[in-house]
Structures are given as C-alpha cells and as structure tokens.
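Protein chains: 2
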Amino acid sequence: MKQFTEYLTNDEVIRVHEASLEVLEDVGVKVRHERAKEIFLKHGCIEKDDHLVKIPAKVVDEFMQMTIPTFTFRGRDPEFDKTIPQDSPVVITGSSAPNLIDPKTGEHRRATSEDIANIAFLINELPGIDVFSISTLADDAPQGQFSLSRFYPAAKNCKKPIRGNTPSISDLKMVLKLGEIIAGSKAAYEAQPFFTLHCCPIISPLTYDFDSTELIIYTTENNIPSYPTIVPNGGMASPLSLLGSLVQANAEFLSLTVLRMMIKPGAPHIYATLPVISDMRSGDYPPGAIETGILHAAHNQMARYYNLPAGGYIGLTGAHTCDAQSGYETGMSTMVGLLGGTDMFNMAGLLGALMEFDFGKLAIDSEISEMLKKTKSGFRFDEDELCIDVIKEVGPGGTFIDKMHTFENMKDAAFLPKIATREMRDTWKEKGSKDVRTRAMELINEILSLPNYSAISQEVDRQIKQTFPGIVKGDSVW
Amino acid sequence: MKQFTEYLTNDEVIRVHEASLEVLEDVGVKVRHERAKEIFLKHGCIEKDDHLVKIPAKVVDEFMQMTIPTFTFRGRDPEFDKTIPQDSPVVITGSSAPNLIDPKTGEHRRATSEDIANIAFLINELPGIDVFSISTLADDAPQGQFSLSRFYPAAKNCKKPIRGNTPSISDLKMVLKLGEIIAGSKAAYEAQPFFTLHCCPIISPLTYDFDSTELIIYTTENNIPSYPTIVPNGGMASPLSLLGSLVQANAEFLSLTVLRMMIKPGAPHIYATLPVISDMRSGDYPPGAIETGILHAAHNQMARYYNLPAGGYIGLTGAHTCDAQSGYETGMSTMVGLLGGTDMFNMAGLLGALMEFDFGKLAIDSEISEMLKKTKSGFRFDEDELCIDVIKEVGPGGTFIDKMHTFENMKDAAFLPKIATREMRDTWKEKGSKDVRTRAMELINEILSLPNYSAISQEVDRQIKQTFPGIVKGDSVW
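Chains as they are written, first to last, in the working numbering: chain D, 1 to 478; chain X, 1 to 478.
The set of hints was computed from the structure by calculation and includes no laboratory data. Just so you know, not all the hints are guaranteed correct.
All copies of an identical chain are treated as equivalent in the list; a pair is satisfied when it fits inside any one copy or across any two copies.
What the hints assert, rightly or not - As a list, the in silico BS3-like pairs of lysine-lysine whose alpha-carbon atoms are at most 27 Å apart:
hint	residue 1	residue 2
1	Lys411	Lys434
2	Lys104	Lys431
3	Lys2	Lys374
4	Lys392	Lys54
5	Lys2	Lys373
6	Lys54	Lys403
7	Lys392	Lys411
8	Lys54	Lys264
9	Lys429	Lys104
10	Lys37	Lys392
11	Lys2	Lys376
12	Lys2	Lys411
13	Lys392	Lys48
14	Lys104	Lys434
15	Lys411	Lys374
16	Lys264	Lys42
So that you can see chain D by itself, here it is in the shape it has in the complex (with noise of 0.2 Å):
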C-alpha cells in the first residue's frame, strides 16, 4: 500500500492537536492518584482546583518529543515477536470476556481457566493471530491467584507474545514471578518479557482512576511492557460527534502519553484507543458500529503526526452468533482502520460486545485476519509482476491456465481460506451444508485433538506449582 486513506488534512491534524492542547491546558485532568498528580506537578503542570491539573502547552510538546515510533510484542518463542509498525497489521484476541459459549455443548456460561489453557494452545496454530491477549477471565479461580489464573493456562500453553491486565500491583508481581520462572531466571525473562501489560488508566472525560493509574505507573518505571488505552464513549462520556470525541480522546491520549514520558523518556508506548458512539435511543454500547471503525483511522492519523504506532480496539461485533452481523461489523471496521493506518488490531474472538468468547469467532477472525494481511500486502511492483511477456504469450482467447507462470504463482497470488466455502451449492449440499462457524469448530476441533507440543516442561511447571500452592491446572483438555 502507498498510501493510507485519510479522513483530516494536514491543517486539520494539526487543528485537532492545538484543540487538544486547548483543553488539557484549559480545562486539564482530574489526577486523584497522589504520586500521578506529582509527577505531573513536578514536570511544569499547575494545580488549580482540588486534584485538577492542568497541562500546558509547552510541556505536552515537551514530553510528546520523548517517545519512540515502535513498541514490541515479545513471545515464549522470539520467533514469534512482533513489532508495530514494521510487522503491521498486528493482530490480537479480544481480552476479558467473563463468558463464553462452551465449545462441546452450545451453552453460555462462565469462561474458566481451562478454556483459557484450550485457546491459548489454539492460538499458536491461528496463522492470523499474532497476539494472545488472554480471552477471558476464568471463574474457577482460587481466592488470591484472580491474575495468575488467566497468566498461568495462557502461558503454559501459548508461544506467541501474550498481553493482558492485572488489577493490582500484587497481582502484577505474581505474574512476573511466574514469568521468571518459565524463563528460567529474572535476566533470561527480563531479556524476553512476553507478558505485556495493558490497562485503562483514564476514565473519561479527562480522569485518572486509581487502580490502573497505579499500574501504568509502576510499569513504567519497572521497564515492564505495557501500554494504555484510551476508551471515550460518544453521548455519554465524551461529546456525541466524531470530530468532538476524537478532539477530547485525543487530549486524554497526550496527557497519558506526557505521564509515561515525565517517567521514562523513551518508554515504549502506542497511540491505542477505543472509540465509540453511543447508540443514542437505547443507551446500548456499541463497539461494533461503523463509528469506531471511522475514528480508529482518525486516531491513526494522530498517531502518524506524533511518529507513534497506532491500534487498540477495533472490529468487535454486538451480535451473540456468528450470524452475518458478527461477519460484516467485524470485517469493516478492521478495513477501515487497516486502510487508515492502524498498526494493532485488538479483534479477535469475541462477541456480544466484549462479553462472550466464542471459539469458532476466533478461527473465522484468525481467517478474517489474513485477509487484512494480505489487503496490506496489496501488489508486487515490478516488470515480471506485469505480466506482459505472459500476456503475449497467451494471446486473446487463450487461456493461463498451462503456463508455467500460472504454476509458480499458485500459492501466493491470493490468499486460500481454510474456513470460507468456495465450492458451488450441489457440493456444498452434498458436504453437509455448514455455515462458517460449523467449518470452523471443525477446524478447531482438528487442532485441539493434536498433542500439545507447546506447552511447558514439567519440570518448570513443577516449579510453578511449588512456588504457587493452588495453582489451577493450567492444562489444555479437549
């Protein structure tokens, strides 16, 4: 591709950015975290009303000079390591579903850390997957090990780099430990950090919870991955436009972004947001609508302004089967951002807005996926790729289909769906009539019924349950 699509001129990112200026420097950001507040009082911020701090120009244009333009995914394995922008479209799961639709039976119920264990070894056979940002949370966990419950199963079982949250600093710690001790040592895992670390620290309008406050914080100061992402809600908690709520989100962005650089200069960090609309008539929350798909390609633009890479939330879907809605709401808004720049895609998996996992939602996204991978790719540019000896050789009314070109381009000329039916009705009919979800349970069933060469040793896994009395299992049981 050699040229993204934009929604803003030049002087209009420009606009958007002194707006944003105008409105942390104005109106400023509730910090209600005492150690927050400082930092940014230390920095050349003002604090006027109680906790209100507001953030001048100069300084916002000062610490947005800190950043650096890529930020890296690691895996148990580096060979799955993803870096953004280069490696862009990254694609990631969807995070946190409390359900799930139980792959066996049909039935909705409460995801559990074996069904994180089952998805995070599916994930290292996904081609379209890049990332595991651990789908769910798991119900079964004992008392005091809520983040080691979902880190533990995801890690033991997946190579891939895997993100996630944890509500606590203390939870954060037991992760890392887990961490070391599947990388043998703190150096070896310091050297490979594949937890990244994800959080929500502003409640909008242009406020610091404190939670995810505390986390960002200690994160970047510990060098630990993590990133935040911003998350308006059009109507409701950001203004019902799409030029307003980008203007507001994008400030909430800069200040964040000034907080993790007042820490660390030069701390990895991406443009993320998750922008909706509110549907108006029914209050529902629909990260599904077209909305967020629009405004992802005008925060990438923002991003591209400020050299950071860009992604976060995109392509989710309101429906609860994976009917056409679940199909269309995913594929368009993921083109749309795809084709306005964005770098990271946190997509795949889920349904019912962000609250149900669905196991055959994820091998159709992984199949969506390498559709926007290879829409990204696009054309090869050069004289063979015209094609004009072939053409001449064939001549009108002849056919490609003998020529040795045809041959050597047979597996990369475009991409060859695993899931997706191509055949015609009579065959189709004659195969069982499956709808893509039905091909794609299949698929997953081929895959969850190999040996499981990912997972740990059990010598570190013995470890791990020494180190953690009570851990759950942490085993992938199909």
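For chain D, the structure is supplied; the task is to place chain X on it using the hints.
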C-alpha cells in the same frame, strides 16, 4: 474523506497505462464482430491476422480524451436519480441470479417474475439501495419475452433507477417500448430514461463476443444509457498475479472505451470491472475473495487517472447462507473499494457467487450500504464540531448525556441500524435470540405487507398488457 487509499504511486499508474498500451499495440484484441472491427479499422487501428485488431497507443490516447467524467442513473421518479462520482457511493443490487431462496419456505428454487416484482417493491423502501439491477432471471417468462418478464415487474414496482441486460437487440427494443409506455411517450422516456443497459462484451483474454458487442454498439449509437463491465479471471483468463491481471483488464477496458468513443464521443461511461482471482486448488470462482476488493482499489486509481467514475461487482460472497462469511466477504471487499475510490457497488442481495438471491441478504446489504455511506461521509470539520466549548462545559468527570449539544446530534452523529442488534445478551434472548437474517426477514415482511404505492397506474398497465399480449402479471404479491 480527504484522501483515498492508494496501492500505486503516480509513476506506477503511468507504467500500468503504458503496459496496457503495449498489450493493445503488440498483442491486440480479437474482434469477430464485423461492425466493431470496421469501427476500429476506420479510426486508425490495424488488422493483422484474421480479426486480430492492433490498437496503436496514439489512437488510445486520442479517444480516451473524449470521455466525460460522470454517469447518471435515472429513475422512474427523478428524485431517485444518482450521478457518479458526485453521489458516490451508489449501491446497486447484484443481478441475474437464476435461483432464489424462497422468502417464506426457505426452499432453494428457480426465481420468477413475481419474485422480481417483490424485490422491486422492496428496493423503494430500503434506504441503502440506490439502483435496482434486476436481481434474478424469471423462470416463468413466456416464449419471446425473456427480458420483458424481468424489466416489466421491475419497472412496474420500483421508482428507483433500473439496470439490466438483454441478450439481443430485439429484446432491448421491447424493453425500450415498455419504458416509453410507462413514461407516456418516446420523448418523455428519452428525457428520463430509467433503464440503464449493461453487458460484458469482452471475453478475457482480449476477445470480443458477438451479442454483447452488438448491444454496446447499438446502445452507444442510440444514446441509450449503458456501460460494459470487464471481467478478468486470474489464473484462467488473465495472469495469476494482481498486477498482471490489472494490466490486462486495463487494456481490455481501454479497448472498449475507445470503441465507444469512436462510435459516440462523450458517451457516458464507467470504468467497471469484476476482477476475480481463481482459487487454483479447485478452480472455484471466488468473487467474494478479498483480492476482488484489492483489485477494485487499483482499478479505481486507474479510473482517476482517466478521469472516469469507477465501480463494478464487489462485495459478493461464496457463502450459501447469511452466515459470518457472507457478512465479512460483503463488508470487507466493499470497504477496500470504498476507501480506494469505488463510486458504484453492484453488491446487494446475492449469495453463492452470483447464483442465488436471498431477501434477507438484500436487507442486510442495505444496512452494510448505509455503513459504507457513513464511512465515506466521515468527519464534518469546523470549529463547532471540535466541541471545545462542550468539553469545557462538561469538565473532568462530568457527563455529556444531558447536554443540549448531545440532544441536537442524537440522530446524525452515528448510523443507527434497524436490523443489527446492540442489545445485551439477556434482552436479546428475551426477544427470541434472533440472528440478523431473522431480523432482516421481519423487516422485509413488514415492508411487503404494506400497500404498494410505487406501482404504476392501472391505465398504463392496461396499455402494456395490450401491447405485449401474454406478458407476466408483474405484481408484487406477499
């Protein structure tokens, strides 16, 4: 939107143009249709072997200067006229499916003229559909009334522009006569010609057929709104390469454009394509593959170089039911097209690679179309829309829900779908756990149960029945 996605640099666009010129000059086109060949030869082309016509670059360049940059689809009611690129995206139904999924029984059967009447009536009421390209064939057509049995139920019930094809000039003449009766006179019809004719005169690679070539010459000579579509099939009838297929299809497009301009300089024209890459594993024809979207975006760039509106068949699907595949295939390719500059989308209502019409798919695609239109319109950029004042008014931690600005933007800030669900799972379950096609069929049932005020008057209808004895009833029946 301020900038389209571009797959090619300006130099690469020119190189594709030059490569196409080389193909036309060195390889040429096979023209078995004598009139067409004479027209080419009369205007500077050279016959080499038997019926092989070489088109010199200077001839192409000369006649490409004679195109005009717009194309208008006219409706029975001029209120529904659409001009591309001004009114882009203009969304059209997919056409000429032989089969249909019965809207009441779900049975897969041959389509009839009564189905066409029902679809026509429906088109008036679906806000996402701009032009009715007659969706199906009519299996009940009386002998000698093949085209009349399609155009009559279409025009009788639909006030929006109608697009279709006729297999012969004699069929075309009957259709035009029908138009004149409905319009009230030949002059009235010619002032508002609400039928647009379509055909595919080139069989790739580089070969003119007889019937469609005959039709495009006749319609061009007689100022009958019409345009041709180029339909390369990579791996079979064009190179198995995105770029090579682009070059050949562009050459084919140039030859047809030049032919039309030789006949009638300034004849309204569209850069229309249906570029497909074959699935080389099976030979299956996958018009829903993402490569079709990618190729459209590149053809759109060529169209901008030639200053012509662009579009064609896009957003089709290989799925046989309204499953997730049907949603993501239609949604993703159309989105690549939209952001790449597609003005006209022949996309709505079909399943099974153009072979099956489904009422539910039509209503779903209307909603997809509305999402495309929202995506195109993007951001309104002015000082008010930046919402700095509202953000100041609300302040950190406040809410936008009770603000006048929110109230004023409630209807327009975001697209509000009728079919897609945004409900929480419990509400959705209470209402019957309906998937999107079920909800689409409910909407269709609602529309088709209303009185059909779009039907033509009984007096005009009597005249039609007198002129064409034995003609099908042509009424919408639900």
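Against the structure, the hints:
1. In this homomeric assembly, Lys411 and Lys434 come within 27 Å of each other (Cα to Cα) only inside a single copy, at 25 Å, whereas the closest approach across copies is 39 Å.
2. Proximity of Lys104 and Lys431 under a CA criterion of 27 Å is satisfied in both settings, with 21 Å inside one chain copy and 25 Å between copies.
3. When the C-alpha separation of Lys2 and Lys374 is checked against a cutoff of 27 Å, the pair qualifies both within a copy, at 14 Å, and between copies, at 24 Å.
4. For the identical chains of this complex, Lys392 and Lys54 are inter-copy neighbours only, at 13 Å across copies versus 68 Å inside a copy, given an alpha-carbon limit of 27 Å.
5. Taking the shortest alpha-carbon separations for Lys2 and Lys373, both the intra-copy value of 15 Å and the inter-copy value of 24 Å come in at or below 27 Å.
6. Within a single copy, Lys54 and Lys403 get their C-alpha atoms only as close as 68 Å, which misses the 27 Å cut-off; across copies the closest is 24 Å, which meets it.
7. Only within a single protomer do Lys392 and Lys411 lie at most 27 Å apart by alpha-carbon distance; the minimum there is 23 Å, versus 56 Å between protomers.
8. Proximity of Lys54 to Lys264 under the C-alpha cut-off of 27 Å is restricted to the intra-copy arrangement: shortest distance 20 Å within a copy versus 67 Å between copies.
9. Taking the closest pair of Cα atoms, Lys429 and Lys104 come within 27 Å of each other both inside a single copy (23 Å) and across two copies (20 Å).
10. Taking the shortest Cα distances, Lys37 and Lys392 sit within 27 Å of each other only across copies (21 Å), while inside one copy they are farther apart (71 Å).
11. Within a single copy, Lys2 and Lys376 get their C-alpha atoms as close as 10 Å, and across copies as close as 20 Å, so both meet the 27 Å cut-off.
12. Taking CA atoms no more than 27 Å apart as the test, Lys2 paired with Lys411 passes inside one copy only; the shortest distance there is 24 Å, against 36 Å between copies.
13. In this homomeric assembly, Lys392 and Lys48 come within 27 Å of each other (Cα to Cα) only across copies, at 15 Å, whereas the closest approach inside a single copy is 75 Å.
14. With identical chains, the CA atoms of Lys104 and Lys434 are at most 27 Å apart both within one copy (17 Å) and between copies (21 Å).
15. In this assembly of identical chains, the alpha carbons of Lys411 and Lys374 lie at most 27 Å apart only when taken from the same copy (13 Å versus 36 Å across copies).
16. For a Cα distance limit of 27 Å, the shortest separation of Lys264 from Lys42 inside one copy, 14 Å, qualifies, whereas the shortest one across copies, 75 Å, does not.
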